[in-house]
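Once you have looked at the hints, place chains H, V and P on chain U.
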Amino acid sequence: MSATLRLPTADARSRPLLTAELVDGTEPGSNAIVPDRVIRVWLFGILSRFTTERPLILHLPATATFGEAIDTLAHRLGGQFAELVLQEPRKTFSHCRIFADGKHVENLNEAFERTTSASNIEMILVMAAEGG
Amino acid sequence: MNIIESDVTRATADDTWLKSSCSLCYGTCSILAHRVDGVVIKVEGNPDSAVGKGRLCGKGVGGLMTHYDPHRLRVPLHRTNPRKGFNEDPGWKQISWDEALDEIAAHLRRIRAEDPRKLVVQRTTTVTASRAPSQAFVAAFGTPNFSTAGGGLHCGNGAHVISGVMHASWSVVPDFEYCNYAIYFGASKGHAAGHASCSNMGKAADARFRGMKMVVVDPFCNFAAAKATEWVPLRVGTDAALALAMCNVMVNELKIYDTPYLQAKTNAPYLIGPDQLYIRDPKTQAPLVWDQESGTARPFTAVPSARMALRGSFTVNGVVGRPAFALLGEHLKKYTPERTEEITTVPAANIRRLAGEFAREARVGSTIVIDGVTLPYRPVAAIAFRGSQGHMNSVYNFLAVDLLNQLVGAADVVGSCLGFNPTCYGHPDTKLPYYVPKADADGLMVTGMWMGYHYPYPTNKPRMPSKQLGLQDVFTMGMTSPFLNSTDQEMLWEKFDVPYRPEMLINYGANLLMSIGNKDVVAESLLKYKFIVSFDLFLTETSVLADIVLPDCSYLQSVDSRSNFPFIFSLPAGLGEWCWPIRQAVVPPDGEQRRYADVLLELADRAGFRADLNAAYNATYDLQSPFRLEGDRKYSFDEICDADLRSHFGQERGLDWFKQHGLIKWPKKPEEVYWRPFVDVRVPIYWEFLKPLGEQIAAITEPRGLKIPRHYYQPLPDWIGCPSHACDAPGFDFYAFYYRDIIHTNSFTMENPWLDEAARLDPFSYTIAMNRASAEKRGLKHGALVWVETEKRRKVKGRLAVTEGIHPEGLGIAALAGHWGDGMPIAKGKGVFFNELLEVDWEHSSPVNLNLDLCVKVRVTAVETGQ
Amino acid sequence: MIPLNRRYEQLIQDLRSELRPQREWAENRGLFLVIGHFLVGVAGGTWLCSLLFELRGGLAVAFCLGVLGGLSHLAFLGRPERFWKMALHVRTSWISRGFWGLSLFLIGGVLYLVPQFLPGAPWRSGSVPAAIGYVVSLIGMVGIIGYMGFVYSSSRAIPFWNSPTHPLLYIAYALRGGMAVLLIILMFEGRSPDATLTAIKVWLVVTTVVVVLYLFEIYGAVSGHNPAARQSVRDLLFGRVAVYFYGGTLLIGILIPAMLVSGFVFPLSMGTLAIIGFASVIGDFFMKYTTIKAGVYMPLYPRVTRQVGH
Amino acid sequence: MRLGMVIDLKRCIGCYGCQIACKAEHGTPPGVFYARVLKREEGQYPNVKQFSLPVLCNHCEEPPCVDVCPTGASFKWSDGIVDIDHDKCVGCRACMMACPYNNRYFNDGNQNYFGDAGSTPFERARAARHPTGVVMKCNFCRDRVRAGKMPACVANCPTVARHFGDLDDPNSEVSRLIKERGGFNLHPEAGTKPSVYYLPA
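Protein chains in written order, with my numbering: chain U, 1 to 132; chain H, 133 to 999; chain V, 1000 to 1309; chain P, 1310 to 1510.
If we strip away everything but chain U, and leave its shape as in the complex, we get (with noise of 0.2 Å):
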């Protein structure tokens, strides 16, 4: 049980980008490097705050799942972030929503290539409360 979510201050985007290799410097859409697949995320919402970039590019392999993209991410981008969307590993708050070329991915033990030809993923937490 973590104690208290930091959120990273404005100062803290500015941080440099950690794992080279997971990170293509090229502009995206463009292939320079041919891993297995490019893949742009786009975090949204509160989501956005632990990073600059928009979209983030990951290189994964074609067999990779959404859950793995999850961890990947959840390994640049910090802790905090993992806690934000995962409830459990391999498990996102059901607020957390994940499209993947603009269809909802609901099961993160799901491989990319299984279901799209992924290669925009959007992440946003979405949060409601109702009554009456």
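Calculated from the structure, these hints are not laboratory results. Don't take every hint at face value.
[To be verified] If you only want the chain P side, here are some residues facing chain V, beta carbon under 8 Å, derived:
#, residue
1, Val1377
2, Lys1397
3, Gly1400
4, Ala1403
5, Met1405
6, Ala1407
7, Gly1442
Even glycine gets a Cβ: it sits at the ideal position worked out from N, Cα and C.
For chains H, V and P alone, kept in the frame of chain U given last:
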């Protein structure tokens, strides 16, 4: 413009009926608005629609008096007096929209850069159309602090969450078409306000005409009880005891229950170990059941349900396990009718009779053929709502009532207790919207559609409150929290190391000062904000505390692409039609009024998070390619609505199509309405997850000095008294409670002079109902002005209405009356402000779901002359 | 006059009660109807008494009272400019009949009185026009004395007024009013003690009849089982009308004149007779005012077994 | 032809929909109710019954209001609707005292619902129908009925408790309901023969 002449002669160009949606309550019935020469001269129900079927309640048909209220806000206002308080004149100054938006956007930019969680957004439940735009806005901004104010707090955590767990829906209602015997506990569905209110009024009347018997358990004989075949008055807040006693009679005395249903559709056969937890298969972790044929314990997935034991005691892996149902049977035994009579005041003989009637009317084992489909037939329903669940013991109260349904298999089958539309296979053309409940690894039901912050089941793992100020991260059964406004909020935030404090509030139409609890505590919480923006129709008591007040458009001036979606919320349940109506503007804004959703878009642009908002709309509206909003392109709200509609119903059915047609509808299938036999899910009659949840919560809170009473976290429901039941101070001998009036929606409609007039003609709307004999005993007369006072010295004044139709210990007050502000002059001074009596703190909140206790023990004294 | 919004508040309160008092004919502009009926009744009675006692001045007073009564009626109407339309429904409407009665009374009165007071008039006393006037005014007088009670007793919504004694009571009122005015005029004209004595005796008899009829009416309302009629009596004796009843009807209208007539306090003089006359007239006004104001609509409820909450 | 209404007290829940639908249809000023809802209770705790009674002009076959009217302003159409010709009414209010059903109102001055804040565009649009100084009441929404619609209160009732039709036609829904369900009138003893019937709760 000479309106009079044109109306009479009608020789005018503009004489139009427009198809739209009501918004006088969240029922959101479909309307036709008659506009002549720019003036709306009549609002009627839209007979094409399944929502209201062309008929409206008093509020709906009187809506144009709210729309045309001269006291509506017309220009943005800015506070000039920095001091805030009940006795401070805000010194309002008119400002331009540009100034207002720039100032708000500057605050938003600053807070978003610092810590977006410092923004709190809250909305009224009344305007359903404000939900999705608010939700998208907070998601895009990045704050988890989104609240539905008092409307959400006072029922959301109990009635809605437990309906979600047991029926995969927001609420439950009898299957009026086929039900023969309904028993209501503190509910008025079909007889007053509420979800799908007008449709339900018609359906309930049909059922009554058909001969459906209705028993209403309620301290007050109004709305539903007035139309019931039997009114069962009981002591306030003891509904759970009565329901459990009825269950006891059914299980242990009459031995009537639906064995196949319990075996197949509940966790009744799951084996429970001495630790009160499932005994699980060591390999798969699946809960075990006892296979009567093989005489072994096996995973529930591996045994045909008919072979699962419901009774007995079995040794499994070295421990003694008993089926959950056996434990329930044992547990219920303490609720003997005799003991329950002492708790509830309902005579033991009546409890036995009611249990017998309910059990026998259920016709366990019977089937019926509808549209060629053979379906289980259980024409009984036990229904609970705000009244019975509005207590600290909210979870058990609601669950105990629903157990009646579960015992006889009267859940989402023909004639039974129905969730509002938990299963939808979508429009024939697009198969959208599509949602069906599904099972989790334990076989228990997860709802297919939900609106809350988290799903009702499975509950999230409790964590430190990294996100929400309301502590829903810790108390994961709670949706709306009292701690945004409680006396002890600072103490709690400190305890839980909440690393930030709220700084800015965006309020949409909620009159929080009236809708949560006593006004002093709520005002104190509001005064802590550095900056408050309030979108409102009127300068309400709450908006008076804002820094900027923005003039909102009324429902007749607004657009909404999904008036009655989600269907689990306010579309009529039962057979009939799926119906997706929209709202369109009938008249333009007056003065400088602007639509809320448009303003939010503008704010996102000015504060620089339009791309986030577009993404949030994609997620919130579940927009499909190619209708998804792209990048940071500036869409108007009309365009977003258009995308929503095309995405769901096809390229050719955009906003213009809907403006012309008003709605789209298609028939419901029997397997959608009576989905339970077709979907392989179970619901918990034994809440195994509750005890571990309590331990996990306690592990967080108890080191910080917040004790978790474990008796609220047992897997089987109990009746636990309210704080009011513990008050034995001399002279404090009435249980005061509030109820929702048939003619009013929260505090909002009291400004409507037609509704106000009707309420003044009503014997109870603006009075305090007291039993005649009780009044006589105390020398109090009908019409007397009295003080109602709590032990904590909170008091309200009002006129007594002496009646035979209330429990001798009850004191009934219609909710949310008693406005004191000048911004709603029609409402000012009318009725009694019940919530003033309510404490808002941990002590009065459910330790499970944070529900506030809504009953109070009070003393009633005549107001001295001259006082 | 009470402002509209106060009247609206009052109406809402009234509609909340099971036994709703009528206010249209006694309050605000409705007061003019009571005054009008009072004046017209006294006018008719005075005309009759003046004819019997051959008091020319009395006839003039009666005529003037009639004119004032007519004006008061107009002041009561919501649309006074349409007053002439009231002539149209004599067949069924007592108001229409009353309208004709007053019209005939005033027209006949002019024809009859003008030559008596204006020597230069185009026709003389005893001429055909004057004789016609005499007859017409007599018919009108019968009309105005007689119609009022029927206006009330034909008001089916107000059970208190629906008694058959009501028309009789109004006739008796008229006579008592006439006699009272006569007493006053007698004082001014200084007539012989004989005439005065006769007048006071007649007044006494008429007053007795009025009191008996009044008691009879109240008894009828109480002994009947109509809750609205009984509420009227409660309002009259103990409720919202009681002040006017005890102060106006009883004290001024009955007790003071009775005390003066008895001669115990002051010896009977022309002055006391006039006071009796004035008191009697004022009392009459209150008698009418209170019975009208005490009117309560019959409740709308079918099968109400027991009143609860009110 | 005798138009009449049947109100099913078993269906009615006292929601005030009829009262307000009528307000919306006619824009009647404060203090004028063509339709309203009464609420009462019977019995003693705990055996108590609450009931709602929607009331309106009974459109009597033998209307006492028409008899007492001195000007003929109150009259009966051939279809049985009892109406008021506002151009003929002098405002004597005798009809109000004659109506055993309390369903006539005197419009004694220009009023609007928001008082000093002024009348709403809606109220101004409706004001022409409401001359002052006259008595007003329900006319079964005669304009709507002539246009082939149901009266506003009937069309709007969410519980479908109100029915409207020809009482002279034995096969009409209203006649059938009265026969089958034992429809009754208010104050039958008044001998007014109302055209508004109630079905027992």
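Status of the hints after comparison with the structure:
The restraint placing Val1377(P) at the interface with chain V holds, with a minimum CB-CB distance near 5 Å, inside the 8 Å limit. At about 6 Å, the closest approach between the beta carbon of Lys1397(P) and any beta carbon in chain V falls short of 8 Å, and the interface hint on this residue holds. For Gly1400(P), the interface hint holds, since its Cβ comes within 8 Å of a Cβ in chain V; the closest pair sits about 2 Å apart. A distance limit of 8 Å between C-beta atoms decides the matter here; for Ala1403(P) the minimum to chain V is near 5 Å, and the interface restraint holds.
The restraint placing Met1405(P) at the interface with chain V holds, with a minimum CB-CB distance near 6 Å, inside the 8 Å limit. Taking 8 Å as the C-beta contact cut-off toward chain V, the hint placing Ala1407(P) at the interface holds, the least distance being around 5 Å. Taking 8 Å as the C-beta contact cut-off toward chain V, the hint placing Gly1442(P) at the interface holds, the least distance being around 3 Å.
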